[in-house]
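Let the hints inform the model, and build the full structure from the sequences given.
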Amino acid sequence: MKRVSNRMMQVIDHHRTAFVGLGLTVLVLASVAAGLYSENLHQRQVIQAARVQASIVADSLSGALAFGDQATVSQITTAIRANPEIEALIVLDDKGIPVAHYGETIALLNGRNELRTSDGFTVRVPVAEKGVVLGTVILKQRSEPLELRLARYAGAALLLVAGLSMLTIMAFDTRALARGNRRLREVMEERERAEAALRQSQKMEALGRLTGGIAHDFNNMLAVIIGNLDLFIRRYPDADPKMLRFVSGSQEAARRAAALTQRLLAFSRRQPLDPKATDIGRSIADLSDILRRTLGDAISIETLRAPGLWRANVDTSQFETAVINLTVNARDAMPEGGKLLIECANARLDQSHAEAGDDVTPGDYVMVSVTDTGTGMSPEILSQVFEPFFTTKPVGLGTGLGLSQVHGFVKQSGGHVSLSSEVGRGTTVSLYLPRSLEVSDVPVADRIVRAEHGRRDKIVLVVDDEAGVRDFVCEALTDLGYDVLSAENADQALDIFEEGTRIDILLTDVLMPGRSGRELADEALAHQKDLHVLFMTGYAQDAIVHNGKLDAGTRLVKKPFTIEQIGAELERLERTGDS
Amino acid sequence: MPKTLQNLFTAIIALLLTGGAAASQPTADLETAVKATYLYKFAPFVTWPDPPGDNLTLCIVGADPFGDVLDRAIAGQGYNGRPFRILRLPVVSTDSGCAVAYLGGSGDQSVASALKALKGAPVLTVSQNSQAQGMIDFVNQQGHVRFRVDLAAASESHLKISSKLLAMAVSVRDVSGGPQ
Ligand SMILES: Nc1ncnc2c1ncn2[C@@H]1O[C@H](COP(=O)(O)OP(=O)(O)O)[C@@H](O)[C@H]1O
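Chains as they are written, first to last, in full-length UniProt numbering: chain A, 1 to 579; chain B, 1 to 180.
FYI, nobody ran anything at the bench for these hints, they're computed from the structure. This one's a predicted model, so the numbers in the text were calculated from it and none came from an experiment. Built from N, CA and C at the ideal position, the CB exists for glycine as well. Where hints are given, some of them may not hold.
[Said to hold, decoys possible] Derived contacts from chain B toward chain A, CB cut-off under 7 Å, selection only:
#: 1; residue: P44
#: 2; residue: F45
#: 3; residue: Q77
#: 4; residue: G81
#: 5; residue: K164
#: 6; residue: A167
#: 7; residue: V172
Here's what the structure looks like:
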């Protein structure tokens with residue numbers, strides 16, 4: 001029904017000009033016809049009036065004319081003269097001799113009984129009684145003066161013009177309306193697309209919040225487990241080797257669990273990122289050994305690097321994790337073997353890309369696409385793959401977190417991901433990473449010289465509301481040669497500063513009940529200008545992190561960490577503080 | 001004054017257009033001509049009780065002052081499509097078939113006896129300057145040929161006379177008697 005009326009609207013739309021033209025023509029013809037009819041009617045009225053007038057005159061004159069009563073004849077003609085519509089009148093007797101007259105009419109008749117002229121109508125009637133002709137009356141009836149008639153037609157014409165313009169305006173109006181409707185439809189479709197994209201991103205956001213919350217708690221627990229196992233091995237290096245094997249096995253498992261929670265955090269975009277200008281091509285080249293091992297012999301690998309490749313502003317290690325995740329997926333999709341292609345190229349996304357996809361900001365990107373010749377995915381699967389824990393793989397083989405990490409990382413970095421897949425042919429995942437505008441590479445000096453054991457004369461204040469974390473950190477720091485103080489929260493820690501205790505390093509959790517680590521650090525620095533501050537967090541959505549990126553000059557250690565990691569951070573802190 | 005039709009018409013025009021002011025006394029010929037036309041012109045203002053047959057008969061009883069002037073005047077004319085016919089009689093009676101009878105009077109039958117003969121019959125009687133007057137009686141008034149109407153006599157004969165004719169009469173003797 002709706003379609004039918006739409007169709008009709010289209011037909012009308014299409015032939016609108018013809019309809020309007022037809023309408024105008026009909027209107028004009030009708031007006032002309034009405035004008036002619038009115039003119040004709042007027043003429044007939046004039047003729048009728050002339051005949052009647054002449055008959056009346058003839059009738060009233062008959063006696064006077066028959067018996068030569070000139071006075072009466074004159075009297076009657078004079079009376080007729082008062083009628084302005086009668087322009088001329090002549091009375092002839094039975095011999096055709098004029099008896100009375102005014103105006104000029106006879107010449108006009110020329111022997112005819114009636115004569116129509118533009119200005120009126122002349123009629124000749126016999127004066128007769130019972131068939132006896134007693135004379136003749138010739139009378140000219142004026143038609144309405146031209147200007148009066150024109151004025152009347154001008155009125156009609158005005159109406160016509162008004163009607164025409166109304167019709168025209170209506171026609172244009174409906175055309176504008178149709179245009180407006182079309183535009184409205186477009187806008188509505190655009191909005192629907194945008195809403196769908198928003199719903200999708202809100203869904204991802206909600207999932208992220210959920211997984212992020214769980215991952216955070218998990219992370220803290222893992223920090224305790226890893227830390228304690230670490231401590232055990234350090235404290236009891238001479239323990240039963242069998243026991244040490246168990247412990248290191250547990251350590252390994254805990255580390256894998258930690259890696260998993262990192263992915264969860266990555267998906268929830270709470271992974272603290274440290275974006276740097278990264279040469280994507282080189283990163284991939286560096287990864288090639290790992291990738292080859294991951295893929296096995298049945299799958300060949302090809303990498304294409306476009307010349308003049310821009311650098312991307314990403315966290316290198318997260319990027320590498322993403323590439324490994326994509327490679328693992330590609331391998332799993334090609335159990336019979338196949339080919340993996342990794343391409344890097346510059347990509348400039350404009351407004352049209354921005355409108356087509358979900359929240360894409362136009363601009364320069366470095367594109368990395370990973371293409372396999374595997375099984376591919378159906379559209380239903382394709383629409384869910386970014387969701388955490390979505391997997392089609394058997395239990396134990398898939399976690400459903402690989403693409404979640406990829407998606408979270410790319411989004412958090414300010415880029416976007418596009419997927420295309422065809423069942424039986426393969427899949428391409430393209431990452432668009434924001435182009436770095438930095439001029440030169442920041443020299444990476446990640447390898448830290450392990451500090452020697454022994455006293456250092458440095459006091460570290462450890463603040464964490466989790467007793468497990470606090471205890472592990474304290475133990476680890478004393479092992480590294482630091483003197484350690486501890487506090488459960490910011491208030492306790494500030495009491496220590498207020499007592500006048502000199503603290504070299506403040507090592508604090510960020511998210512705590514009461515004041516945050518950030519607020520604590522600010523107040524502590526007010527007490528002691530040369531204080532070094534190191535934050536510990538597993539949770540990036542904290543006061544020290546803006547948009548998931550570290551503030552310049554802020555030091556952060558990610559939970560869970562090993563003793564080596566915290567030691568290296570502390571040393572780096574001391575070095576930057578000294579320089 | 002030449003007795004030609006041409007001249008007669010000219011005279012009539014002159015009379016009509018000038019209102020007859022110049023000619024205070026119509027000449028005998030002119031007067032007769034006018035009367036001749038009046039004679040048949042009375043007819044259309046009169047309604048007879050019975051259809052008058054194929055012709056409408058104008059009778060000249062006794063002396064005939066009109067001659068062929070009358071014959072020419074009625075040429076081509078007719079009463080409701082019935083041509084006028086002229087009948088010249090020495091004596092008139094109800095059987096003469098006259099619709100209009102001009103009573104000239106003669107030795108054979110005086111105007112009065114003619115009137116008596118036609119009394120009550122549907123015949124429009126016309127007389128002039130006579131002691132005994134017909135229903136219409138010609139008179140001379142300020143040089144114009146005029147007439148009197150005896151409506152009572154017409155009514156007795158069941159003739160209806162149009163008010164248009166009455167309006168032209170110098171006097172009308174009504175049914176109730178006496179001139180109006
Ligand atoms: N390259 C690919 N080819 C075919 N299917 C894929 C590919 N990458 C991902 N998928 C599908 O997406 C699902 C989710 O992938 P992912 O989030 O990485 O978790 P996992 O690999 O642990 O299952 C996979 O189970 C698989 O069905």
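Hints that the structure is at odds with (numbers, increasing):
Going through the list in order, the structure violates hint 7 alone and respects the others.
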